[in-house]
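S.K.: First to last, the sequence lines map onto chains H and W.
So this note's numbering is basically just the index in the first sequence, starting at one, shifted up by 1056.
So this note's numbering is basically just the index in the second sequence, starting at one, shifted up by 20.
To be clear, the hints were calculated from the coordinates, so they are not data collected in a lab.
Owing to the predicted nature of the structure, the values given are computational and were not obtained by experimental measurement.
Incorrect hints may have been included.
Think about it this way: if two alpha-carbon atoms lie no more than 27 Å apart in a straight line, the pair counts; the simulated DSS-like pairs of lysine-lysine are [claimed, not checked]: (1) H/Lys1267 <-> W/Lys143; (2) W/Lys223 <-> H/Lys1268; (3) H/Lys1268 <-> W/Lys303; (4) W/Lys181 <-> W/Lys223; (5) H/Lys1267 <-> W/Lys303; (6) W/Lys198 <-> H/Lys1242; (7) H/Lys1268 <-> W/Lys261; (8) H/Lys1269 <-> W/Lys261; (9) W/Lys196 <-> H/Lys1242; (10) H/Lys1268 <-> W/Lys143.
So the derived list for chain W, only partly shown, Cβ under 10 Å to chain H, looks like this [to be verified]: (11) Lys196; (12) Asn305; (13) Ile307.
For glycine and all other residues, C-beta sits at the position ideal for the given N, C-alpha and C.
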Amino acid sequence: MLPAAGEPAAGDSWGMLACLCAVLWHLPAVPALNRTGDPGPGPSIQKTYDLTRYLEHQLRSLAGTYLNYLGPPFNEPDFNPPRLGAETLPRATVNLEVWRSLNDRLRLTQNYEAYSHLLCYLRGLNRQAATAELRRSLAHFCTSLQGLLGSIAGVMAALGYPLPQPLPGTEPTWTPGPAHSDFLQKMDDFWLLKELQTWLWRSAKDFNRLKKKMQPPAAAVTLHLEAHGF
Amino acid sequence: MAAPVPWACCAVLAAAAAVVYAQRHGPQETPHVQYERLGSDVTLPCGTANWDAAVTWRVNGTDLAPDLLNGSQLVLRGLELGHSGVYACFHRDSWHLRHQVLLNVGLPPREPVLSCRSNTYPKGFYCSWHLPTPTYIPNTFNVTVLHGSKIMVCEKDPALKNRCHIRYMHLFSTVKYKVSISVSNALGHNATAITFDEFTIVKPDPPENVVARPVPSNPRRLEVTWQTPSTWPDPESFPLKFFLRYRPLILDQWQHVELSDGTAHTITDAYAGKEYIIQVAAKDNEIGTWSDWSVAAHATPWTEEPRHLTTEAQAPDHDQHHQLPGTPTHHEDL
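Same shape as in the complex, but just chain H (with noise of 0.2 Å):
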């Protein structure tokens, strides 16, 4: 099922990891869970929240590293470029009502897809990365966004959710496009950490959001929300 161990081909960035995802959305992310004595789903919420922002504190040490061995213009804190490539990065940005108005099981699932993919993406930056200290702190990375991801489908097993399956097509597929240039590559690189952050910051918005209408007073929160619009 993986592909024979060899060479990357070149220009074939991030789509060489088409089987290898295949295998990760796979694997038994959902941790056994004892439903005798269940506290409910707001312990795994707060753990989840908390993973989030050690995450978050954790890329920024190793998004810092990481851009300046891409070397300028990639560590310039006004680096503004334009969204291109990049397509098949699930994005975190989303109309503000809309994120409002999404049910739970629908924020959970965003959240976890999204996650899905960029550990994929991450896990191939890993492959290529030049220096023994870089590969180790990506690893290091890689190991606590599994983490995320298994706390995710903790919550979403806790509230009944399934875990949702790769439809056909929407993974990260094998494109044997034209020969990806070098800065090319880099743009990709720069693009995922910088969505990774991103979604680092909204994960942490969308637990709270959860964490609220799981509180028993939510009742009262709720109908206080309800009379401000919110």
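Fit chain W to the known structure of chain H by using the hints.
M.R.: Just chain W now, with coordinates in the frame of chain H:
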């Protein structure tokens, strides 16, 4: 000879009178507006008068000395702000007004100072601007906001003329915002721009209604309460965390406490009997920067005897001075 004047002659006389009247009270009365640079020299001609015409110049009704004249033209050197005014030249003998100039002395604009901030996340953000030095003449500002390649509308603030507001359509964007401003006046033009990510400009307003109260029978405690800023639209989904600082008035060193939720805190290590100053700041839990410090609250912890509070500094109370912190009180029921 009382011969009747033909009506044609009357018509001509009437027309002549009309022309003379027009010359005295006509378009010359609306002054020509002129802008000149501070420190420069300017020569004001007296309308269409010949160079050797005999004229008198006045500024705001006051005569000007003839030594400023070059023929019929007024020469002003080294313009100062005080030179601004209405300059009028009159035919010397008839006092017929020939020309008026409203002179405005000013400067071209320097590079404007522009900043943007979101105190209403996730609703939107505002940008405000000012000039580092005044121009003394009217300026027009033009602000454009770009999100990637998309132009966004910046709505003028109804009250403040150097501020406009942008509504967020999308959240969690990886694309930066670019806000550009250009300023121009009659003497020149300037511009600047800033670029930023959605998250970096988030800065709430300070917490409101900070109140500090002594706790009865507790000489080392102060109870502090506050409210989330009313401009923060959604504290449920976008909770704020708070930073409290306090010190007795007599010391310079602040104590700090960071609080991840709740809008109340009890200080338990206050020096007995000393008046405290307390302030609170707010920040979104995950993004942006801390607000400015709130308006300060003042309070003195509870003491056994009633204090006669004065508004002026009072002589040190020796009993209080020698009281060790934590000394048990005489009250039985605490």
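S.K.: Are the hints correct? Go through all of them and say.
M.R.: Verification of the hints:
| no. | hint | in the structure |
| --- | --- | --- |
| 1 | H/Lys1267 <-> W/Lys143 | holds, 21 Å |
| 2 | W/Lys223 <-> H/Lys1268 | holds, 23 Å |
| 3 | H/Lys1268 <-> W/Lys303 | holds, 19 Å |
| 4 | W/Lys181 <-> W/Lys223 | holds, 22 Å |
| 5 | H/Lys1267 <-> W/Lys303 | holds, 19 Å |
| 6 | W/Lys198 <-> H/Lys1242 | holds, 23 Å |
| 7 | H/Lys1268 <-> W/Lys261 | holds, 15 Å |
| 8 | H/Lys1269 <-> W/Lys261 | holds, 19 Å |
| 9 | W/Lys196 <-> H/Lys1242 | holds, 19 Å |
| 10 | H/Lys1268 <-> W/Lys143 | holds, 20 Å |
| 11 | Lys196 | holds, 5 Å |
| 12 | Asn305 | holds, 7 Å |
| 13 | Ile307 | holds, 6 Å |
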